[in-house]
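Since the structure of chain X is provided, determine the placement of chains Z and R on it from the hints.
Residue numbers (the working numbering), protein chains in the order written: chain X, 1 to 317; chain Z, 318 to 667; chain R, 668 to 963.
Misleading hints may appear alongside valid ones.
To be verified - Restraint ranges, calculated between C-beta atoms of paired labels, are given here:
(1) X:Leu307 x R:Arg926: 53 to 63 Å
(2) R:Ile793 x X:Ile65: 34 to 44 Å
(3) X:Val135 x Z:Glu451: 44 to 54 Å
(4) X:Tyr134 x R:Gly845: 29 to 39 Å
To be verified - Partial pick of chain X residues on the chain R-facing surface, computed with a CB cut under 8 Å:
(5) Ile142
(6) Met146
(7) Pro147
(8) Val150
(9) Ile156
(10) Ile278
As the list claims (entries may be wrong) - Computed, partial: chain X to chain R, Cβ under 7 Å:
(11) Ile8
(12) Val141
(13) Leu155
(14) Leu157
(15) Phe159
(16) Leu163
(17) Thr256
(18) Ala275
(19) Gln276
(20) Tyr293
FYI, nobody ran anything at the bench for these hints, they're computed from the structure.
Backbone N, C-alpha and C fix where the C-beta goes; we use that ideal spot for every residue, glycine too.
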Amino acid sequence: MFTRGTLIYIGQRVVLIAFTVLAVSSIVFLGIHRLPGDALFNEHLHGEQYALLLHHYNLDKPLLIQYRDFIVAAVTRGDLGESLVNRGVKITPLVLRELGVSIEVGGFALVFTIGLGLLFGVVASVRQNTWIDYVLSTTSVIGYSMPNFVIASFLILVFGVWLENVTGGTFFYQLGGWKGDIGQLWLPAFALGFPYASIVARLTRASMLEVIRQDYIRTARAKGLRETVIVARHALRNALIPVITILGPLAIGIITGSVVIENLFGIPGLGKEFAQSILNRDYFIVIGVFTMYAAMVGLANLAVDILYVVIDPRIRY
Amino acid sequence: MPTPILQVRDLRTQFLTDGGIVTAVDGVSFDLYPGESLGIVGESGSGKSVTALSLLRLVPDPGKIVGGQVLFRNEDLLQISEDEIRQIRGRDIAMIFQDPQSSLNPVLKTGFQVDEAMLAHGKTKAEAHARTIELLKKVRIPAAESRVKDFPHQLSGGMRQRAMIAMGLANTPSILIADEPTTALDVTVQAQILELLADLNRELGMAIMMITHNMGVVAGLCSRVIVMYAGQIVEEGPVEQIFDSPQHPYTWSLLRSIPRVDALRHERLRSIEGIAPDLLHPPAGCRFHPRCPFRIEKCFTDDPTLQDVAPNQRAKCWVTMERARREMHADDLVNIQPGAGSGVRPGDQT
Amino acid sequence: MAVAPAIRAASVPEPAQASLWTDAWRRLRRNRLALAAAIYLVLLVAVALVALFYTPYRMSATGIAPDYAPPSLAHWFGADNLGRDQLSRLMIGAQISLVVGVGTQLLVLAVGVPIGLLAGYYRGWIDSVVTFIINVFYGVPDLLVALILVFLLGPSLANIIIAIVATRWMDMARLVRGQTLALREREFVEAGRASGAKPMKMLFGHIMPNALGPIIVQATFGVPAAILFEAFLSFLGAGVQQPTPSWGSMAKDGVDAIRFAPHMVIIPSIALSLTLMAFNFLGDGLRDALDPRSRR
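Okay, chain X solo, but in the shape it has when bound (with noise of 0.2 Å):
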């Protein structure tokens, strides 16, 4: 399945996704650092002890040889520097420990998106024209309408609120460790993944009719499959095609929502360290949040380009 060519093409992209995240972070380094050096606190410090800090942070430098340490510490030591607010956390591990949190968060959400879109999506084309096709369609038009935070609400106020009793309000994610418990996660997955699951199923709807009239569609009936294989082994594959293709997007989306998401159920992901850290003027942790996210998104677009390889035979590199 992977050749040769394959292989040295990920690695190019593992190279190129390198350089990407560096210079994603160059630039949020940049941006942020022509602040003057006193927007970087939120006390109001003077003399000496403000000296002090900005020596400690390394602020009282010219601009290019800040830049120049942080690159060096950055590559070297993946050293991403320390919080601004909270004084001697370092952010590397920080941001790595949440990104765990996050990425479990996601992926659970990623479930929900890929499996609900894909079966609505084939379920609303087999069927279509029918009232189920309509119900669907008009629900994915509901569904991609609706802000995470919105569906994570009304989820809050029915589960945790209205029916405490039966569920014991035990789905808030409460637990302080990087390990959650997976029971702990369904709505906020839910409400994370739902929004794109609509967008998948409307995709996969259109690329499934349009699947649906190819000539090796007859020539499987022809054979005597049964329609249920037809669909699932013959039909459904080549519909992916499209739909991976919006699968890079997809997973921005779940990294941006899951900033809201996660404030909002209190998980301790990325998501909510990136939101506190701007809203607290943390930016050397909003840096390192960031070198996160662009790793990740770099990376989903190298996943999509593999499954793509994987689906399609005729894709090589």
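Same frame as chain X, now just chains Z and R:
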């Protein structure tokens, strides 16, 4: 004559389009005998492909079979359940299609697509796999053992069509329907594929129904031929007899356009003046009359039926070529415009 | 010499615009969902306009009702955590949403259409550069960049709009580029070019009018996307600042009080969802009406 293996009676298939109802197959009846090879000829839009698809109930939306019978082993294929027809497809009656490029699934291995034809009808994976290699050898695909792992895009056009044929043969069906199997291929490959089909027909005693627009293909492969025009059969009979003495003016014009009967011709038929009729508004009387050089006044109003014109040969014509030759000097006609032989022009009739 | 080709160019018919639009209107009228959406949006605009002159209470006046008061006759939508009238705040919130939605799309049109036209018409290196930039922007988590931008620029309505435009202009540019690439090969454009029409006249006089349908559809879909963006920013506390209400920040306040004052989250959430839905249904309807081939 032995008993027919397939009897089609008064088959009617319609398409519900935005503009109205198109009757693509209009009362088609014919028999297919075991082991014979029958050609169904007509230009595009004549209903020959839809006829073939109707036999296995594979007509695409918005098409619908609205009447008739397809009798196979004393069963009407149009009446049995969806599951029963599924079991007939590929096992008793197999079908191969025009464009092997688009008719094979691009994301599945070629060998597996042949396997599937057998897996659908109760063979185990191992049996199917062994037989697939055997089949690919039979259809003369070189290095069959390694080709099974190739995807369709890795094969040449001719090889893809061979793989399609292997798929059709997988369950040793008693009937193989081939819908223009050579049209998308270049001429030398066409000849090879036809030769292969002829050999298989002889070796396996399998009846072949060859759907084509090409009289040359019929001459090379078939023993009997049916000519279709505008959804109806206009002539049928043994190939030699029809080539020798066609009785319907349409058949006559088809044959006139071939320089030599045994030549394979790549291009579409340029048979006769005028275009295929608009099936949304079929002409009154005989459907061929707007293009017929030998039409008489009756043709404008009355639709003829298939009549015996010679032993085993029937034609759907008021005039027939025998009379046209005798009375209208058909063989001397250089320009075969509508009404050229008979001199009857539109508006002449009262 | 110059006259003859001009006449020849004029004789090459452009696709009939008038009948296209009347056909589209006829199809749109048959689409009940789109029509209902349009009516809702007209009402919403009316509410936002009324709120310029009149709201039941001053939107920033605190203590008008008991804090967290549930809906009542005096306060149809209840009160919020500071005892402010929710209906009045919702009406002002409608203004904010519409200004953000429509404002960003106007700016996106102003930025995206010329860029797309130039890239599609001139192709070559301009197109390569534009395509590259568009792809870079597509690879960035847009909302997060907007969040950073708002914080660097300061959270005001104008800055929010700028931040959204800066991260969401690409859809329009990409669409217009694609349309232009396709249209420039059509006969009436070729004829115009052959007759020596100025590029600006070709672009804005001939190509753009013919790409207007897809542009309108894209802009219609862009409005809810922008409103959603603003709601996200406000929900995270980076939107318009208190006391000015936004549906996003109202929902955020509501979530904090979800145990004892659920109306605070339900009402702005429904307003927001209905509005986004209406724009999406209208967009769907417009697309089906303007491009009948895309219908199911």
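Evaluated hints:
no.	hint	result
1	X:Leu307 x R:Arg926: 53 to 63 Å	violated (43 Å)
2	R:Ile793 x X:Ile65: 34 to 44 Å	holds (37 Å)
3	X:Val135 x Z:Glu451: 44 to 54 Å	holds (50 Å)
4	X:Tyr134 x R:Gly845: 29 to 39 Å	holds (30 Å)
5	Ile142	holds (6 Å)
6	Met146	holds (5 Å)
7	Pro147	holds (6 Å)
8	Val150	holds (4 Å)
9	Ile156	holds (6 Å)
10	Ile278	holds (5 Å)
11	Ile8	violated (22 Å)
12	Val141	holds (5 Å)
13	Leu155	violated (11 Å)
14	Leu157	holds (6 Å)
15	Phe159	violated (12 Å)
16	Leu163	violated (13 Å)
17	Thr256	holds (4 Å)
18	Ala275	holds (5 Å)
19	Gln276	violated (10 Å)
20	Tyr293	holds (6 Å)
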